Amino acid sequence: MDLGLNKMDKPIDKIGMLGKKNRIDDKKNDETIPEKILLKVFRAGGRVRDFAHFDRFEVPVQRWTTVLDALLYAKSYQDSSIGIRYSCRMASCGSCGMKINGIPRLACYTKISELAGSTITCEPLINFPHIRDLVTDFSQFFKHHKEMQPYIHNKNADIKDTRKLSEFKQSPEDVDKYLQFSNCIKCGLCYSACPTVATDTKFPGPQALSQVYRYYADTRDDAIKERLDIVDERHGIWRCHFAGSCSVVCPKGIDPALGIQLLRGYMMGFSKNEKKIAELMDRLSEE
Amino acid sequence: MTLRESQIMKIHYITGLAALFVVAVHIIMRLIMPFNTSLEYGNVIANYHNILYAILLESILILIALHGFNGVRIILIELRQNKHWENGVTIFTIIAMITIVAYGTRTIIMANGLGFE
Amino acid sequence: MASRNFNTLCTSGEKILMEISKERNNNDRDNREGLKGWLNPSRYGWERLSYWLQRLTGVFLIVYFIGHVYETSSLTRGLDAWNAMLQLTQTPWGHLFLILVIGTSTFHSSNGIRLIFTHAGKGLGRPGRPDYPYDAISLNYRQRSGIWVALILAAVAMLYGTSVLFGGK
Chain A
1 MDLGLNKMDK
11 PIDKIGMLGK
21 KNRIDDKKND
31 ETIPEKILLK
41 VFRAGGRVRD
51 FAHFDRFEVP
61 VQRWTTVLDA
71 LLYAKSYQDS
81 SIGIRYSCRM
91 ASCGSCGMKI
101 NGIPRLACYT
111 KISELAGSTI
121 TCEPLINFPH
131 IRDLVTDFSQ
141 FFKHHKEMQP
151 YIHNKNADIK
161 DTRKLSEFKQ
171 SPEDVDKYLQ
181 FSNCIKCGLC
191 YSACPTVATD
201 TKFPGPQALS
211 QVYRYYADTR
221 DDAIKERLDI
231 VDERHGIWRC
241 HFAGSCSVVC
251 PKGIDPALGI
261 QLLRGYMMGF
271 SKNEKKIAEL
281 MDRLSEE
Chain B
288 MTLRESQIMK
298 IHYITGLAAL
308 FVVAVHIIMR
318 LIMPFNTSLE
328 YGNVIANYHN
338 ILYAILLESI
348 LILIALHGFN
358 GVRIILIELR
368 QNKHWENGVT
378 IFTIIAMITI
388 VAYGTRTIIM
398 ANGLGFE
Chain C
405 MASRNFNTLC
415 TSGEKILMEI
425 SKERNNNDRD
435 NREGLKGWLN
445 PSRYGWERLS
455 YWLQRLTGVF
465 LIVYFIGHVY
475 ETSSLTRGLD
485 AWNAMLQLTQ
495 TPWGHLFLIL
505 VIGTSTFHSS
515 NGIRLIFTHA
525 GKGLGRPGRP
535 DYPYDAISLN
545 YRQRSGIWVA
555 LILAAVAMLY
565 GTSVLFGGK
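Chains as they are written, first to last, in my numbering: chain A, 1 to 287; chain B, 288 to 404; chain C, 405 to 573.
The hints are simulated quantities; they were obtained by calculation from the structure and are not laboratory data. Small disclaimer: the values here were computed from a predicted structure and weren't measured. Treat the hints with caution; some may be incorrect.
To be verified - Below, in silico cross-link-like pairs of lysine-lysine (DSBU-like), each with a Cα-Cα straight-line distance of 30 Å or less:
1) C:526 / A:272
2) B:297 / A:225
3) A:225 / C:440
4) C:526 / B:297
5) A:275 / A:146
6) B:297 / A:276
Sequences are here, hints too, so could you generate the full structure?
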């Protein structure tokens, strides 16, 4: 597909033309960016059904305006009572996840120019208990993550003796095996998109399960059997059906679906675990 | 004897794959002669009298009952997660499997021998 | 689950938030999409569509299976019962229903075989370093083609079934 990249002078124009392949409602390349858009923001009190309604704000936009910029403009100049959670503004903290035009996205990472139409609808993330307006409760999400024991288990590593300064020997190839899964910012978009999470309260969700793969693939971790016992149950990894929605919405390119299927392949005996546990070097003794 | 979920899923995949082959043979049996003729009473009974075909039908029954009702079980336990519901779904699945296999086997046995023309 | 360790991992602030959230929301089921999440396949691409179709065809087929086992048991009641059953099913509507069964079983089987490979981790690609625009490697052309193949096979099977059932020999 010829995007006319060669005709563009500045690298920044080229980057602007790239877009995620799997999105559905993105704007086609030849549509112009409107000068004003209508922002529809979901407003509700303590429970979703309390006075739930949409407030409409007209917001001026420019080429790089993000949905977060638009929301903060509405909050600054039109209605300061909008409840919104955000922090880094650069897709690094994972705070600003919300449903934008029906799909879970990060508000800071979604440009108005990449959305179709001139009405942007912002709703809180689905599958999370609702607190207020666009803010949802992440405690169940974090609980699932913690149940997976997301830390390195290694019998040889003595975490109490800090004077030893031990170091695991890990090559760049070893790191590449799990690196993309360690980029997770816990934004919850995958949890919101997953069809199993939509009905199953005990399902850990794609984020937690992909973290199990992250520790399974990490050569420093030697507790494979314990980790797999945690997820090998009725509402565990087997309730994933590879609907792939988690991978479509992930803003960091983690591909949780890949991690989960690779882990299942190992659990079913289709692939062997070729991992060699990383050697623990005692740095003090070398000197 | 409780099965681990990974063992149940292995059964699910294996029965699915195996059922594909036996059902394909079952369908082909309807195509070795003109379709309407193959459904005539006499021809159908002749099929049942063939012991190999009877075994084929029995295996279809068992494999599809296992695969299908396990699928229904998975869908149902994803809908609700309290203890009563999950136990009820497990019991329902097992009873449904046994019932349908028993009922189908009754048809096969009665149609195969035992005095029917 | 490893919930025995859970309380020691929570900070006191999180415990308070969880209490408030429990009071307000009564259970973790609040604001879950529920069945609607299953029924709308249009938002997230090919794999979601395949998931939706696989479930739908599976439920349809198990219902058909139960009906089929009952319908064929009319053999045991003799020639008249069997012919009465044939009167009911060998009609244009009956044929259309059977064609639907052919299509759904072909799709369910072919997509199911593709899913067995995917669930085994084959055909998905290897983990690597993600780069902008962060496309997921598991949602690749191989999987998309597999879904298309399943749909095309189902269509071909339905066409063949139509020719046999309505072709009339």
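Status of each hint after checking the structure:
1. This hinted pair checks out: residue 526 of chain C and residue 272 of chain A have alpha carbons roughly 13 Å apart, not beyond 30 Å.
2. For a cut-off of 30 Å, the pair hint linking residue 297 of chain B to residue 225 of chain A stands: about 19 Å separates their Cα positions.
3. A hinted pair counts as satisfied when its Cα atoms are at most 30 Å apart, and residue 225 of chain A with residue 440 of chain C does not qualify at roughly 36 Å.
4. A hinted pair counts as satisfied when its Cα atoms are at most 30 Å apart, and residue 526 of chain C with residue 297 of chain B qualifies at roughly 16 Å.
5. Distance check on the hinted pair: residue 275 of chain A and residue 146 of chain A sit about 24 Å apart at the alpha-carbon level, within 30 Å; holds.
6. About 27 Å separates the Cα atoms of residue 297 of chain B and residue 276 of chain A, which keeps this hinted pair within 30 Å; it holds.
When the structure is compared with the earlier hints, a violation turns up for hint 3 alone.
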